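Now for the letters of each chain:
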Amino acid sequence: MNSTNPDFIDPDVQAHITIENLSMAYGDVVIQHDLNFTINRGDIFIIMGGSGCGKTTLLKHIIGLKRPATGNVYFENDNYWLSGPDLQQKIKRRFGVMFQAGALWSSMTLAENIALPLSEFTELHAAEISELVSFKLALVGLAGHEDYYPSELSGGMRKRASLARAMALDPEILFFDEPGAGLDPLSARRLDELILELRDSLGTTIVAVTHELASIFTIGNNSVFLDTDSRTMIATGNPLKLRNESTDPRVRSFLNRGEQ
Amino acid sequence: MTAQHNPDFNSMLEFNNPNPVTLNIVLKGSWQLQNVLPPVEPVIRKLSSSLQIERISFSCAASTSWDSRLLIFLSKLIRYCDENRLQVITDGLPAGVRRLLDLAASSPTIKATSQRGNNESLLSRVGSTTQDLVAGAPDALRFLGASLKSVARLVTGKAQYNRAEFFYILQQVGPQALPIVSLISFLVGLILAYMGALQLERFGAQIYIADLVGIAMVREIGSLMTAIIVTGRTGAAYAAELGTMQVNEEIDAFKTLGISPMDYLVMPRLLALVLMMPLLSLYAGLVGIVAGIIISVNVFDLSVYEYYQQTLRALNFTHFAVGMMKGTLYGVLIALAGCLRGIQCGRSAQAVGQATTSAVVTGIISVVIAASVTTVMLQKMGMYEFH
Ligand SMILES: Nc1ncnc2c1ncn2[C@@H]1O[C@H](COP(=O)(O)OP(=O)(O)OP(=O)(O)O)[C@@H](O)[C@H]1O
Ligand SMILES: [Mg+2]
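Heads up: the sequence lines are chains S and H, in that order.
Residue numbers for the first sequence follow numbering that gives the first Met the number 0, so the first one is 0 and each next one is one higher.
Residue numbers for the second sequence follow numbering that gives the first Met the number 0, so the first one is 0 and each next one is one higher.
Among the clues, some could well be false.
Claimed, not checked - Here chain S is said to cover these stretches of chain H; the calculated rule only asks that three of the stretch's residues, wherever they fall, bring their Cβ under 8 Å from a Cβ of chain S:
(1) 30 to 39
(2) 92 to 103
(3) 186 to 197
(4) 341 to 348
To be clear, the hints were calculated from the coordinates, so they are not data collected in a lab.
Treat the numbers as computed from the prediction; the structure is a model and nothing was measured.
C-beta atoms are modelled at their ideal positions from N, C-alpha and C, and glycine is treated no differently.
Build out the structure end to end from the sequences listed, making use of the hints.
Okay, here's the thing in structure tokens:
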């Protein structure tokens, strides 16, 4: 499993997730094929590309919701799709996922949404859980909204609440589908800071689908670029480096907002 | 991150006093979600019992591992200190801990409470449910009014709706329901013929099974059984479809386009049932008669020809007209109940479930009431003589 990224020949770097020859399809329609890249421990890894190129689909393949048409997904050395159900369950417990549309459970309050993973998977007492819930809500800027139902929140607030739920168990890997979409510039910046902070202080590996250029450059240190027309990846590596050094005009144009 | 259970709290939390006014808290071991951790209360008690202490500080062994669990321990402690004017020196904590605590503290607390409270007492719940019921009546009337206006628009050709979708609904409502309608009305016809014939046989009047089964199935029971099946199948489906659209704000999307959800969503569904219910009712009646023939021929030794002739004598146009008219009326009621509950649906998965349940309950209740009222009315109007 060689890294295609020249920045990471560093021996300290450990591969956390490895994608090998992955092809994704809905029925007979191939969305992307021959994806090969490595997400390292402590990376903030950006999945980018035009709308509809298959970013959400790729995320669903990495988090085990969709089986690849061909190819493998490794978590450290475990091949996810060749593992038994117990190991798969164990691997999944290391994730937190924030879905594109939030996916909060609509019949539960925010506190109940965030408390559910905690009460299912830890031995904490109710008082500690509610303390943790308040703390997570404060981290995403929603302090005091414990008793709200998702339908009583704005779209951006739902996004942040969904982030709080994804962080509930302090997962090793956090997946975000468009974290910044629907947030005002200040909240989006706060979110970027939070993501950086989670990586720096808890060592969380972060995989984010986003096309907000500002946030790609502030937080991302590694990335993959999916192309719609050729239906495969055309670049991987540090986004800043790709912007300045990539030889592929499609990548440069995307990262420069169409200006060469 | 292996789960270690460590009930020995002394090894995780130690205290010392570098000077008389400072309490230094030493954190060791693994402060993580999977571990059993020392509670914060003893520390707070220690602080409140000592009058000298003015500040707390921390030291943290390099081997200490931590996650949010440590953060809530600390944030509780810090909150206590802030309330009691004790100084907190966080320098000894890992940098990541300090930054996350700052980030959480910098978020403004909006002490807002949700509109919905569910800690009501039983009595007040009964009260508010009753109130909701009463308050629901004008809503239902308004819905009825809106659907009448929509019918008017449809008749004048001004309503916008999707023809392809209408035919799809028609298909779902009518032909797709045939198997279950056949099964149920066949069995009901069978029971009716058998029970009736047992009584009539005592008078040697088995031949009147044909009258009993024919008139009952065509006029009353065919449409009633069909209505109950269709409430469960189609009324529930209407409520669930429209309810889910409400949850996804799809209905709002129609409204903002200036397309009336009444015209686009409710009318095709209403029309589909109005067209299909009389046909299904008629079909159910005929299947019931077939069941009657089978029982009479096999169990009570009547011939098919006799039974057929007797049925022809028993049934007249009025019976068919009444049966189909009732079917149409039930269709209107089922469609309105299903669509009303769907449109009224709240914005959660639970609300869709409630809407579906209440569509079926409302549907069946209104069908049964309508069945009784029309039967009594027709009899008073003298339309219940059998020949
Ligand atoms: N359930 C599905 N069945 C069939 N095709 C699908 C399904 N979901 C997505 N697709 C197709 O797969 C392609 C990629 O979709 P995907 O949602 O992954 O895009 P995306 O890159 O996340 O786009 P965006 O940036 O707009 O969110 C699209 O062409 C879409 O039409
Ligand atoms: Mg997407």
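Against which earlier hints does the structure fall short, listed by number upward? 3
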